[in-house]
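Novice: So you can see what is in the structure, the chains are spelled out below.
Number of protein chains: 2
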Amino acid sequence: MESSIKSSKIDLDIYNLIEKMRKGDRRAVARLITKVENGGPEVSKQIIKEIYPETGKSFIIGITGSPGSGKSTLTNQIASEYLKKGLKISIIAVDPTSPFSGGALLGDRIRMKSNFTNKNLFIRSMANRGKLGGLAMATKEAIHIFDAYGSDIIIVETVGVGQSEIDIFKSAHTTLVIMPPGMGDEIQAIKAGITEITDIFVVNKMDRNEADKRVNELETMLDIAENIVVDQKNHNIRIIKSNKWRPPVIKTNAISGENVPELIELIESHREFSKTTGLKNKKLAYRYKHYVVDIIQYFQNKDIERLIFSNPKINEFIDQILSYKTGSDPYSISEMILELFSKRYFS
Amino acid sequence: MESSIKSSKIDLDIYNLIEKMRKGDRRAVARLITKVENGGPEVSKQIIKEIYPETGKSFIIGITGSPGSGKSTLTNQIASEYLKKGLKISIIAVDPTSPFSGGALLGDRIRMKSNFTNKNLFIRSMANRGKLGGLAMATKEAIHIFDAYGSDIIIVETVGVGQSEIDIFKSAHTTLVIMPPGMGDEIQAIKAGITEITDIFVVNKMDRNEADKRVNELETMLDIAENIVVDQKNHNIRIIKSNKWRPPVIKTNAISGENVPELIELIESHREFSKTTGLKNKKLAYRYKHYVVDIIQYFQNKDIERLIFSNPKINEFIDQILSYKTGSDPYSISEMILELFSKRYFS
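Chain order of the listed sequences is Z and Y. All residue numbers for the first sequence refer to the working numbering, where the first residue is 110 and numbers rise by one. All residue numbers for the second sequence refer to the working numbering, where the first residue is 110 and numbers rise by one.
Just so you know, these hints were derived from the structure itself, not from any lab.
Intra- or inter-copy, both count: the list cannot distinguish identical chains.
The calculated lysine-lysine pairs, modelled on DSS-like cross-linking and capped at a C-alpha distance of 30 Å, are:
(1) Lys422 x Lys389
(2) Lys197 x Lys434
(3) Lys434 x Lys129
(4) Lys434 x Lys132
Bound-form chain Z, shown alone (with noise of 0.2 Å):
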């Protein structure tokens, strides 16, 4: 049986988009994200294959935060800052819940109409891409996409701290975790997975009352943290945070734009950071490994839901199943079709 990850030639009309792309081409670049959102891993390999010698060049900054914390206009303020140094910027703005799919801005982008016009600035929301491959998978491809097209910052922010928000942020150099202030409780879900993914704390909307004792809150958690002993053998992204960056907290205000420059500074010095300690390439190799898992596992996958309902010999495994005789479970026919199959399974 022919596995499906097996090479197929890139597609006339993916390869002109490309060519359109790198000649600066901005509705190729959308057409080649959506192409990517609703063909899934089949046709992210095509694209990925020709422009990815073009990648690795972008600074990839990760932003989430719960939906009160200010964070889409942190975002904004950002890319600003950044537009301002004639730099070119890429958002990806992540949206899990959301059931309809990308291609449009998202609604609340309407606040960054200042921005909108500038041709340095490219911003595109991604949303569920079903059974093909994930979200996170196809937000790692648009990540490529945009890297070969020449930004120099990629900005992927998103809601909620799920597991699809973690493994979305894998993919991030520098990760940033919004929080408004003074919703003590949020701190318990921050503790359950986030504080191995942050590399700075922002407490927005500074002008409130509880802003700083969310600061303390968060350095007092950070305290804790720095003292757990980190399992080496464990390859989580814990062995990474071991080298030593404790994440600073700094509060601003994304309205009017306070400590903004101040926020821009830490990540630049967490920039400078993970490329002078090796953390940068520590966490490359750790992030192409899962995208090499999530990879193979969706061409397997696939190979496996054909393997069950194509093949006709099949259906005697089935009826064995259906006798409910002892050693008939579908745990025990599963390893026997395995078995029998596994052999010419790649080949």
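Dock chain Y against chain Z, hints included.
Specialist: Positioned in the frame of chain Z, the structure of chain Y alone reads:
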């Protein structure tokens, strides 16, 4: 590399729980389901292998509908009717939107207090199982446990009509879709995927004016659906539906109980229809094909993660990716990894 799907001995703890369940111990049933929820397929495998020959006897009813439809009250009524006949009923209330794990009763189950102390009734809520195989798989396994426990009827109730609900309903013999009257736009959502899995449409809250309007809408939709040519090559549930069961549409009042006995009659006639036409076996075969796909994918995905994260050779491949050379993109490298490891992979 040893594949993780391979047999492992049953834990004594699990075996003892199964023995207790065989003697009718309700707490053992609850604990087995908790094990399935928290332990993932590695644990479920042991349970299913042991109990499988004792399953296949329950009649499984799937009930879904939007939150305002009165679905839970109707589930209660249906359970009551069957309890009157002296049957043993189990209810699994699946809530994919809740971040909290099962074990306890759902809040709205307080309404069921009239049935609560009945020892022929078992109610269990199930929520997210996270990454360990997913909720749909855990639900399938809970169904097998209730089946082995000797339930005559298992009712699987879930909110919404998303992909995960559709996956869950692949396990039901007879699926009811409950709708409130007069919300015309819902029909759209229903068209999108739920029609294929619906055996009986229930318009609840029949005392309301718009109930008849909704019934008419549904009948019109079904008229149109009957004229759709089914692609026989397509291995999905639509093939099953071509067996010419037209879902009846019935009005009920879940609070007063009006038309509930008539609904039970419809359920029973669908049950009979399924048996005599062979639809039941076709559905079963389809269900177990999906279950086998779930199982194989789960263990394969685990094996792939292990392969990528624990094999030191992988680091060379990752270094190659980080060279950003042509042909060193993640897709090409994934192909190479698969090619190299596939032969030894399952041995």
